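Produce the complete structure using the sequences and hints provided.
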Amino acid sequence: MGDDKVVLLDFWPSSYGMRVRIALAEKGIKYEAREENLVDKSALLQEMNPVHKMIPVLIHNGKPISESLVIVHYIDEVWNHKSPLLPSEPYQLSQARFWADYIDKKIYSIGKRVWMGTKWEDQEVAKKELVECLKTLEGELGDKLYFGGDKFGFLDLALIPFTTWFYTYETFGSFSIENECPKLMVWATRCMQKQSVSNSLPDPHKVYDFALQLKHNC
Amino acid sequence: MAEENRVTLHGFWASPYSKRVELALKFKGIPFEFVEEDLRNKSSQLLKHNPIHKKVPVLLHNGKPIVDSHIILEYIDETWKYGPKLLPQDPYKRAQVRFWVGFLQQSYETLLLVCKTCGEAQEKATKELHEKFEVLEGMLKEFFPDGNPCVESDDVGFLGIVMISLFGAHKVQSEAIGVKVIDPEKTPFVFYWINALIELAVVKDSAPPHDKTVAFLHAFRSTALKSVAP
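Residue numbers (the UniProt record's numbering), protein chains in the order written: chain A, 1 to 218; chain B, 1 to 230.
Some clues are possibly wrong.
Unchecked claim - Simulated restraints, written as ranges between beta carbons of each label pair:
hint, chain 1, residue 1, chain 2, residue 2, range
1, A, S83, B, Q105, 25 to 35 Å
2, A, P204, B, V214, 47 to 57 Å
3, A, K82, B, L225, 47 to 57 Å
4, A, S83, B, L225, 45 to 55 Å
Stated by the list, open to error - Covered by chain B, according to a simulated footprint, are these stretches of chain A (three or more residues, beta-carbon under 8 Å):
hint, stretch
5, 17-23
6, 62-69
7, 97-107
8, 120-126
Since the hints were derived computationally from the structure, they do not count as laboratory data. Values in this document were obtained by computation on a predicted structure and should not be read as measured data. Even glycine gets a Cβ: it sits at the ideal position worked out from N, Cα and C.
Next comes the structure, spelled out in structure tokens:
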């Protein structure tokens with residue numbers, strides 16, 4: 001593995017990019033991080049992801065892999081000698097994938113409606129939906145330390161990046177996720193104690209400033 | 001069927017998601033019981049085993065539910081080690097299959113738009129659909145560099161199964177919607193591949209009756225058009 005060349009095309013506030021950063025950190029993989037300007041996409045990004053031209057893209061020895069969860073699967077399968085991310089038992093794996101898929105279907109798009117929303121009524125509807133989703137996830141967590149059980153794993157990795165956007169959702173939506181889902185916030189704090197996570201996630205206040213700027217530009 | 005390997009699939013005859021699980025089980029030679037769901041009156045079993053989405057397909061393996069068709073297919077491949085592999089062994093090739101399955105799904109969503117619209121909106125959606133197939137054409141040429149997309153029944157794989165489930169009925173879809181879904185001149189590789197896939201015995205045996213599918217698509221389209229009519 002010493003001769004591996006790993007490059008990550010990324011964008012700092014992207015929750016999807018954060019997932020890959022965490023996976024690489026968990027595995028101790030050295031890589032070159034390239035920050036993309038999504039308004040002016042690099043020739044490399046367009047070449048490596050010609051279909052969607054989106055980040056994150058992992059380039060391993062010149063070969064590109066796109067879509068955050070596809071990349072995480074790839075990382076776990078290639079660097080399989082340490083820190084397994086995915087459960088090995090097929091049924092547990094199917095459950096982890098189900099919940100990761102649930103997060104993908106819901107959190108980003110509903111969250112966006114909360115912070116980008118311009119009509120109060122639409123924001124209120126989105127807020128209610130977001131809280132419902134987070135409570136469902138909180139239910140799935142139950143009394144476990146992590147979604148995977150005793151160890152940080154795939155599902156924790158899939159969700160934790162979105163917590164950097166919670167301050168943004170809360171500020172634009174005027175509500176408190178801590179009040180609605182206290183157990184989830186305890187889990188989030190526990191995850192942030194891991195270096196692989198805290199080194200990969202931006203400051204939520206920086207994310208808020210970015211969102212504010214984006215909203216003003218629209 | 002041995003008690004220790006009881007497999008039940010809750011599905012719906014016209015659902016491509018249900019169809020792909022059915023095909024995966026058949027390609028692998030896994031015996032299973034099929035429960036046809038009435039989507040207007042879902043069974044208590046379905047609602048119990050998929051409380052979050054309340055949708056088909058749901059696979060029950062020894063009573064334990066697995067939902068979401070792409071998750072079910074990976075579960076099948078990981079659990080039943082015999083029979084044709086649905087995913088390649090090589091991690092990079094697996095990543096490519098997973099990526100392109102996602103792309104096929106997006107193409108299907110464009111097809112649904114073609115089905116639900118008319119006039120200019122339908123023309124725009126059709127153009128987008130054909131563009132997506134052109135991208136797929138490029139992929140197929142790389143995936144199958146020797147020129148022939150593989151169509152042995154033991155090598156159809158995840159990608160082939162998803163393609164069959166979404167576009168296997170492309171001729172029927174074209175007939176019902178009044179628009180050519182796959183253009184053989186623009187995308188000859190895609191056209192050849194899907195037509196070869198649907199000739200496989202397993203696929204032919206699982207295909208729903210032609211007239212039933214046409215009637216279903218007509219009803220689907222007319223309901224959709226009515227809901228946007230001024």
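The hints, checked one at a time:
no.: 1; hint: A:S83 to B:Q105: 25 to 35 Å; in the structure: 31 Å, holds
no.: 2; hint: A:P204 to B:V214: 47 to 57 Å; in the structure: 53 Å, holds
no.: 3; hint: A:K82 to B:L225: 47 to 57 Å; in the structure: 56 Å, holds
no.: 4; hint: A:S83 to B:L225: 45 to 55 Å; in the structure: 53 Å, holds
no.: 5; hint: 17-23; in the structure: violated (count 0)
no.: 6; hint: 62-69; in the structure: holds (count 4)
no.: 7; hint: 97-107; in the structure: holds (count 4)
no.: 8; hint: 120-126; in the structure: violated (count 0)
Checked against the numbered hints above, the structure breaks hints 5 and 8 and satisfies the rest.
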